[in-house]
Each structure stands twice: as structure tokens, then as C-alpha cells.
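J.: Sequence:
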Amino acid sequence: ANPNTQYAIVDGFVAGELPNVTMLSFAEEQGSFLVGAAAALKSQTGHIGFIGGQEIDLIKKFEAGYTAGAKYVNPDIIVDVQYLGPAGDDTAWGSPDEAKQIANGWYADGADVIYTAAGGSGQGTIEAAVESDAWAIGVDSDQYLTATPEQQAHILTSMLKRVDVAVFETIKAAQAGTLEGGFALYDLARDGVGYSTSGGYLDDVKAQLDDIKAKIIAGEIVVPTAPEG
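The letter at position 40 of the sequence shown is residue 41 when you use my numbering, and the numbering goes up by one with no holes.
Calculated from the structure, these hints are not laboratory results.
As the structure is a prediction and not an experimental result, all values here were calculated from the model.
Mixed in with the good hints, there may be bad ones.
[To be verified] The calculated lysine-lysine pairs, modelled on DSS-like cross-linking and capped at a C-alpha distance of 27 angstroms, are:
| # | residue 1 | residue 2 |
| --- | --- | --- |
| 1 | K207 | K43 |
| 2 | K43 | K72 |
| 3 | K72 | K216 |
| 4 | K207 | K72 |
| 5 | K43 | K173 |
Could you build all of it, start to finish, from the sequences and the hints given here?
T.: In C-alpha cells form, the structure reads like this:
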């Protein structure tokens, strides 16, 4: 109805490509690979975990990358995985108590780093990390910046999904008249995903993570987008 208006959709898909609709997607699996590698490098126990929100393809990208990154560093690492709900269960994004219960169980069993991709539920993992004196990994934005000082001491890193970069680049392209319709993937090479360094907890492994990042960008490491099996 509005062919002369350009549209950009974040994480959305339109059936049938339209020349005036740009769909912005992110290589969450690549950013998750890096935080998985970080988890394995920092784990003292060789046992980590992943809590997902809804068990859908999008969140499985986070799981797949995280597990692959951890096993790239330590092939023998144990990775616990649990989802808070099936596809369509919107309570999965707002169940911090359930996430906390799962995380507490894993920490008690020896896990010392847990990554949560489950919206507001992730707050429960952070609370459990504080109580268990362990690590939590945030998602989408740098959760260290909005945490209490007590929580900050237990947020190892966050997997960054750089929506700001994607939107800025899209607006810039629209102004220049070079914006094209279809899919635009924001990956490590385009600074679309990454990891936070707030707190300085990864300073001692940053060189290794930078090396892994370079190998992903070069195509030497191919990150899976779905879990094995």
C-alpha cells in the first residue's frame, strides 16, 4: 500500500520479498559462541549451563553457539541445557523464579557459569549466581550496566545484540539512497553481535577470544545455528 516508503523490521520476517522492506537479523549464534568460549575459559569446574526462554529456533541459535564455543575451548566440558517453556508459552520470558530454581540446582551440582537467553527470566539466574558465588552471563545488552553492585560482581559478560548498529547503518543507507530490500544479516564481521567487557572479568582471556572472533569472521570456524542431535 506504501511502495514509496522504506521499512526496516528488527527480527521480523515478511513473506515474499518486497523491495522497500529490509529485514534486519542477527547472528546470535556467533556472539553466543564467544560467550561460550569465555565461559569455558573461566570455568573452574568444567561444568556450565544454558537456560533458554521458549524452545524456538531463534533461542536454539543461542544454545547452539554457546555450546559449540564452550566445546571449542574444552571438548570435555559439561553443558546443562533447559528451556522454560515450549513455543508459544509467553510466560517463559517472565519467569525469574523458575530460572533461579534451575540455576540454583545447577550451581549446587557444580556448574559455575550459566548463560540465560530468556528475557526477564534471566534476572533469576543473576540472583542465583550472587547467592552461589558463581557467574551468570547476560544477553542482548550489557546487563552489568543495569545491575546492582552486588550483582555486577557475578556478571561475567553479556552477549551483545547490536540493534543500535543495525538501525544506525540502515538509516545511514536510507539517507544515502543505497538501502536495499530483503535480508540484512548483522554478524561479527558487521559488528552486529559481540560480548561485553564491563567489570574486566575477561581481561585475562580477551586475546584468546579475539583470536576466536577473527577465525569466525575469516570462516575458519563455522558456528552452528541449531543444536546437535
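J.: Evaluate each hint against the coordinates.
T.: The hints, checked one at a time:
1. K207 <-> K43: holds (11 angstroms)
2. K43 <-> K72: holds (13 angstroms)
3. K72 <-> K216: Holds. K72 to K216 sits at ~15 angstroms (cutoff 27 angstroms).
4. K207 <-> K72: holds (17 angstroms)
5. K43 <-> K173: The hint is violated at about 39 angstroms.
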